[in-house]
Amino acid sequence: MTTPNEPLLSVQDLQKYFPVTKGLLKRQVGAVKAVDGISFDVFKGETLGVVGESGCGKSTMGRLVTRLLEPTGGKVLFEGQDITHMSQGRLRPLRRDMQMIFQDPFSSLNPRHTVGAIVGAPFRIQGIKTEHGTKKAVQDILELVGLNPEHYNRYPHEFSGGQRQRIGIARTLALKPKMIIADEPVSALDVSIQAQVVNLLEDLQNELDLTYVVIAHDLSVVRHISDRVAVMYLGKLVELADRKDLYESPMHPYTNALMSAVPIPDPARRNDRERIRLQGDVPSPLSPPPACRFHTRCWKAQAICKVEEPPLVELATRHQVACHFPENVPQEAAEAVSA
Amino acid sequence: MSFLELKDLKIHFPTDDGLVKSVDGLTFSLERGSTLGIVGESGSGKSVTSLGILGLHKGGHARISGEIWLDGEELVSASQEHVRGLRGKKMAMIFQDPLSAMHPYYTVGDQIVEAYRIHHSVSKKVARKHAIDMLGRVGIPEPGRRVDAYPHEFSGGMRQRAMIAMALSCDPELLIADEPTTALDVTVQAQILDLMRDLQREFNSALIIITHDLGVVAELSDDILVMYGGKCIEYGAAEDIFYRPEHPYTWGLLGSMPRLDRERTERLMPIKGSPPSLINIPPGCAFHPRCPYSDRTQGKADTEVPALLETEGGHLVRCHMPREERRSLWENEIKPMLETT
Ligand SMILES: Nc1ncnc2c1ncn2[C@@H]1O[C@H](COP(=O)(O)OP(=O)(O)OP(=O)(O)O)[C@@H](O)[C@H]1O
Ligand SMILES: Nc1ncnc2c1ncn2[C@@H]1O[C@H](COP(=O)(O)OP(=O)(O)OP(=O)(O)O)[C@@H](O)[C@H]1O
Ligand code: SF4
Ligand code: SF4
Ligand SMILES: [Mg+2]
Ligand SMILES: [Mg+2]
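Those protein sequence lines, which keep their order, are chains D and L. full-length UniProt numbering numbers the first residue of the first sequence as 1 and each following residue consecutively. full-length UniProt numbering numbers the first residue of the second sequence as 1 and each following residue consecutively.
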């Protein structure tokens with residue numbers, strides 16, 4: 001049982017290294033440090049947004065906390081229970097509580113199964129009896145996500161992208177989860193449909209008291225949907241703060257650069273914006289830069305950034321950042337850093 | 001006559017399921033040195049339009065009618081060979097996925113050299129020098145060495161740069177960029193958009209940028225064309241589209257999009273339903289099944305296709321609702337809702 005101040009999900013120094021092998025004998029020649037020591041908590045009823053560019057480890061993180069992947073190191077606690085290396089058998093009841101929504105509404109649904117079979121599968125797998133039968137339960141869920149319950153016998157290809165994403169969401173809701181990890185739930189959808197799904201996720205959260213971790217690369221969507229936001233760069237958590245603080249006074253240079261790179265839909269502002277332009281692409285996670293991983297692209301980098309990794313520290317209330325020379329730091333905290 | 005003019009362009013595809021009216025009567029013009037942004041949801045006909053201008057539907061099963069005038073020459077009636085000869089020098093295209101547009105077995109340099117030598121009778125050595133110059137211009141580090149790399153050896157951002165270098169190598173007068181940054185990370189996207197803006201100023205080419213991202217069009221476009229179901233439903237200066245849009249679909253696009261440059265809204269205002277199938281375009285106004293105002297058009301919404309009419313100063317709107325009503329809806333209901341809540 002969790003008390004109000006105890007996190008629903010707690011991630012401690014989580015790591016995932018994927019071995020890189022070579023040749024017929026699959027000799028290991030290195031490792032992709034996809035997630036390299038990240039820690040955060042998620043509290044009941046909140047939405048934690050996770051942003052970062054392609055390959056920074058967002059999906060891997062999601063798969064680790066739902067135990068679709070086995071962590072290399074660190075800990076995952078769900079409702080205070082250590083699930084890091086829990087066997088699949090013992091995980092099974094927990095799988096009901098923690099569900100995952102995937103990006104691609106096309107490939108994540110079995111084309112040969114009807115909507116009813118897809119959404120009803122969790123009941124059968126978990127061997128759950130419902131009061132008025134599975135069909136009724138499934139139809140109720142379809143209605144909840146804004147689909148016509150009469151579409152019970154239809155197949156995924158008969159639905160549009162947004163409707164398919166609703167089917168995916170319906171499936172995760174079947175077992176009344178406590179927490180949903182949504183990995184890019186709207187990025188494959190058209191703008192008008194994105195907004196429908198975002199609103200649906202919000203309504204369901206209010207109605208069912210859900211806790212979300214929403215992974216997305218779109219900073220505008222993440223601001224809209226999240227209470228707190230985590231920023232990842234090359235397997236590391238570089239900043240974590242309440243939404244308003246993160247968007248109004250970002251401290252990490254990378255977060256600042258990310259925000260200023262977002263195109264603004266206002267033609268009058270195209271020439272008057274202060275922009276931070278980063279050089280180059282994100283380096284390969286096979287051989288990430290030492291110490292601060294952002295130093296190869298950071299305009300504030302100094303000698304220390306190349307030799308000493310900045311720890312993630314709280315520099316303002318509920319605002320953590322990993323940088324030797326952060327921006328927007330309150331005065332006292334700035335003095336503490338330089339001391 | 002403008003540098004580029006489309007007149008009632010139609011591109012239809014006969015299929016087993018019926019006739020797909022991908023582009024259904026598109027008219028617009030574009031001058032040298034200016035940028036047109038084309039926005040619309042998936043399947044609205046954006047890519048078919050751009051491939052059509054480049055003549056890439058010729059010889060296929062597409063039924064093409066209407067006119068495309070490029071620098072005084074009509075292209076719909078021109079032969080396939082003739083249009084092929086214009087590609088590269090007169091017009092060029094940047095695709096969303098550079099890997100599909102580049103040959104995997106040739107080095108990046110060889111591909112630029114090849115394209116350049118079609119239009120310029122120079123030695124391989126001179127063309128190679130030009131390729132290295134172009135790669136440097138688009139910001140590829142160490143172009144003298146990278147010129148011999150294969151496409152798969154480049155990162156996504158570098159590939160897109162190489163593709164832009166290839167498209168620009170013959171200094172095309174018309175450049176069409178179809179979702180040039182959709183596959184890229186936002187920091188790399190910003191670099192590419194800067195690059196395109198700079199290069200266009202330098203070459204004074206006409207640029208068409210196609211995207212579903214209203215932020216990207218706002219960054220680059222002088223004029224914007226909004227497509228829905230194969231038709232233009234609103235057209236105007238970028239300021240018209242963002243500050244005084246008059247079509248309910250454009251309002252819907254704006255309301256669907258969370259914005260970083262504004263106070264956070266509590267709730268997005270999505271458009272109900274989903275985009276139409278182009279085989280079964282709804283009768284009358286194609287947007288009517290999704291439009292909250294379809295009852296305000298004297299019963300014409302589902303019977304009569306609205307015409308694309310000028311509302312003021314080159315701003316065109318395809319909607320039956322009387323102009324005053326549209327304007328007052330925007331000013332009094334939609335705009336306040338987008339700005340606050
Ligand atoms: N099964 C795997 N084996 C080897 N490497 C992997 C595996 N899964 C992911 N990786 C690598 O780990 C890194 C992080 O990948 P991940 O998919 O978590 O990134 P992401 O942040 O979700 O990116 P995107 O925004 O593109 O989805 C990448 O470099 C990726 O190539
Ligand atoms: N060769 C073809 N034969 C038949 N139909 C086609 C062909 N090419 C395109 N279409 C159809 O024409 C319509 C418009 O396609 P188009 O590629 O122009 O869309 P788009 O606006 O570029 O969408 P997206 O944003 O997804 O790229 C689609 O319904 C598509 O299926
Ligand atoms: S630690 Fe140094 S290199 Fe890293 S983000 Fe901060 S200033 Fe930049
Ligand atoms: S014509 Fe009618 S249905 Fe179409 S956009 Fe205008 S108001 Fe809506
Ligand atoms: Mg991912
Ligand atoms: Mg397209």
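Any given hint could be a false lead.
What the hints assert, rightly or not - In silico contact screen, one side only, chain D against chain L (beta carbon under 8 angstroms); selected entries:
no.	residue
1	Asn199
2	Ser220
3	Val262
4	Pro265
5	Leu278
6	Leu312
7	His324
Said to hold, decoys possible - Pairwise CB distance ranges, derived in the manner of DEER restraints:
no.	chain 1	residue 1	chain 2	residue 2	range
8	D	Ala117	L	Met1	37 to 43 angstroms
9	L	Ser328	D	Leu208	56 to 62 angstroms
10	L	Glu333	D	Asp227	27 to 33 angstroms
11	D	Val29	L	Ser42	30 to 36 angstroms
12	L	Thr15	D	Ser107	40 to 46 angstroms
13	L	Gly136	D	Arg27	36 to 42 angstroms
14	D	Asp104	L	Arg145	35 to 41 angstroms
15	D	Ala303	L	His152	47 to 53 angstroms
16	D	Ala303	L	Ser42	44 to 50 angstroms
17	D	Val29	L	Arg145	23 to 29 angstroms
Claimed, not checked - In silico SDA-like cross-links for lysine to any residue, where the CA-CA straight-line distance does not exceed 20 angstroms:
no.	chain 1	residue 1	chain 2	residue 2
18	D	Lys244	L	Glu153
19	L	Lys335	D	Asp266
20	L	Lys272	D	Lys300
21	L	Lys272	D	Ile83
22	L	Lys272	D	His151
23	L	Lys272	D	Phe159
24	D	Lys22	D	Ser187
25	D	Lys244	L	Ser2
26	D	Lys178	D	Arg96
27	L	Lys272	D	Pro149
28	D	Lys22	L	Glu263
29	L	Lys272	D	Gln28
30	L	Lys272	D	Lys135
31	D	Lys244	L	Val122
32	D	Lys135	D	Gly161
33	D	Lys244	L	Pro143
34	D	Lys244	L	Arg262
35	D	Lys244	L	Lys272
36	D	Lys244	L	Lys125
37	D	Lys136	D	His151
38	L	Lys125	L	Glu153
39	L	Lys272	D	Asn148
40	D	Lys300	D	His324
Please keep in mind that the hints were generated in silico from the structure rather than gathered at the bench. Since the model is a prediction, treat every value here as computed from it, not as a measurement. The C-beta atom is built at its ideal place from N, Cα and C for all residues, glycine as well.
For each hint, the structure was consulted:
1. The restraint placing Asn199(D) at the interface with chain L holds, with a minimum CB-CB distance near 6 angstroms, inside the 8 angstroms limit.
2. Interface hint status for Ser220(D): upheld, as the beta-carbon distance to the closest one in chain L is roughly 4 angstroms, under 8 angstroms.
3. Interface restraint check for Val262(D): the shortest CB-CB distance to chain L comes to about 5 angstroms, inside 8 angstroms, so the restraint holds.
4. The restraint placing Pro265(D) at the interface with chain L holds, with a minimum CB-CB distance near 4 angstroms, inside the 8 angstroms limit.
5. Interface restraint check for Leu278(D): the shortest CB-CB distance to chain L comes to about 5 angstroms, inside 8 angstroms, so the restraint holds.
6. The interface hint given for Leu312(D) is violated, since its Cβ lies 21 angstroms from the closest Cβ of chain L, which is over the 8 angstroms cut-off.
7. Hint status for His324(D) relative to chain L: violated, with the closest Cβ pair at about 21 angstroms, above 8 angstroms.
8. Taking the beta carbon of each, Ala117(D) and Met1(L) are about 60 angstroms apart, not inside 37 to 43 angstroms as hinted.
9. Checking the proposed 56 to 62 angstroms range against Ser328(L) and Leu208(D) shows it is violated: the Cβ atoms sit about 40 angstroms from each other.
10. With their beta carbons about 30 angstroms apart, Glu333(L) and Asp227(D) fall inside the hinted range of 27 to 33 angstroms.
11. Restraint check, Val29(D) to Ser42(L): a C-beta distance of roughly 41 angstroms breaks the suggested window 30 to 36 angstroms.
12. The hinted range of 40 to 46 angstroms is not satisfied by Thr15(L) and Ser107(D), whose Cβ atoms lie roughly 24 angstroms apart.
13. A C-beta distance of roughly 39 angstroms is found between Gly136(L) and Arg27(D), which places it inside the suggested range of 36 to 42 angstroms.
14. A beta carbon spacing of about 38 angstroms between Asp104(D) and Arg145(L) agrees with the range 35 to 41 angstroms that was offered as a hint.
15. Taken as a hint, the range 47 to 53 angstroms is violated for the pair Ala303(D) and His152(L), whose Cβ atoms sit roughly 36 angstroms apart.
16. The beta-carbon spacing between Ala303(D) and Ser42(L), approximately 49 angstroms, falls within the hinted interval of 44 to 50 angstroms.
17. The beta-carbon spacing between Val29(D) and Arg145(L), approximately 25 angstroms, falls within the hinted interval of 23 to 29 angstroms.
18. Using a Cα cut-off of 20 angstroms, the hinted pair Lys244(D) and Glu153(L) is violated, with the two alpha carbons roughly 40 angstroms apart.
19. Note on Lys335(L) and Asp266(D): the hinted pairing holds, with a Cα-Cα distance of about 14 angstroms set against a maximum of 20 angstroms.
20. Of the pairs offered as hints, the one joining Lys272(L) and Lys300(D) is violated, with about 46 angstroms between alpha carbons and a cut-off of 20 angstroms exceeded.
21. Taken as a hint, the Lys272(L) and Ile83(D) pair is broken in the structure, with Cα atoms around 41 angstroms apart against an allowance of 20 angstroms.
22. About 18 angstroms separates the Cα atoms of Lys272(L) and His151(D), which keeps this hinted pair within 20 angstroms; it holds.
23. Annotation: proposed proximity of Lys272(L) to Phe159(D) holds, straight-line Cα distance about 15 angstroms (limit 20 angstroms).
24. With a CA separation close to 34 angstroms, the supplied pair Lys22(D) and Ser187(D) exceeds the 20 angstroms bound.
25. Annotation: proposed proximity of Lys244(D) to Ser2(L) is violated, straight-line Cα distance about 48 angstroms (limit 20 angstroms).
26. About 8 angstroms separates the Cα atoms of Lys178(D) and Arg96(D), which keeps this hinted pair within 20 angstroms; it holds.
27. Of the pairs offered as hints, the one joining Lys272(L) and Pro149(D) holds, with about 18 angstroms between alpha carbons and a cut-off of 20 angstroms not exceeded.
28. Annotation: proposed proximity of Lys22(D) to Glu263(L) is violated, straight-line Cα distance about 51 angstroms (limit 20 angstroms).
29. With a C-alpha separation of about 52 angstroms, the suggested pair Lys272(L) and Gln28(D) falls outside the 20 angstroms cut-off, and the hint is violated.
30. Distance restraint check for Lys272(L) and Lys135(D): the Cα-Cα separation of roughly 27 angstroms exceeds the 20 angstroms cut-off, and the hinted pair is therefore not satisfied.
31. For the suggested pair Lys244(D) and Val122(L), the alpha carbons sit about 59 angstroms apart, so the restraint of at most 20 angstroms is broken.
32. The suggested pairing of Lys135(D) with Gly161(D) is violated, with an alpha-carbon distance near 24 angstroms, which exceeds 20 angstroms.
33. Straight-line distance between C-alpha atoms of Lys244(D) and Pro143(L) comes to about 43 angstroms, which puts the hinted pair past the 20 angstroms bound.
34. Restraint check for Lys244(D) and Arg262(L): the C-alpha separation of about 12 angstroms stays at or below 20 angstroms, so the hint holds.
35. Simply put, Lys244(D) and Lys272(L) have alpha-carbon atoms about 29 angstroms apart, too far for the 20 angstroms limit, and the pair is violated.
36. Our distance criterion of 20 angstroms between C-alpha atoms is broken by Lys244(D) and Lys125(L), whose separation comes to about 57 angstroms.
37. Of the pairs offered as hints, the one joining Lys136(D) and His151(D) holds, with about 13 angstroms between alpha carbons and a cut-off of 20 angstroms not exceeded.
38. Distance hint between Lys125(L) and Glu153(L) is unfulfilled; the C-alpha atoms sit about 23 angstroms from each other, more than 20 angstroms.
39. Our distance criterion of 20 angstroms between C-alpha atoms is met by Lys272(L) and Asn148(D), whose separation comes to about 14 angstroms.
40. About 9 angstroms separates the Cα atoms of Lys300(D) and His324(D), which keeps this hinted pair within 20 angstroms; it holds.
Violated hints for the displayed structure, listed by number in ascending order: 6, 7, 8, 9, 11, 12, 15, 18, 20, 21, 24, 25, 28, 29, 30, 31, 32, 33, 35, 36, 38.
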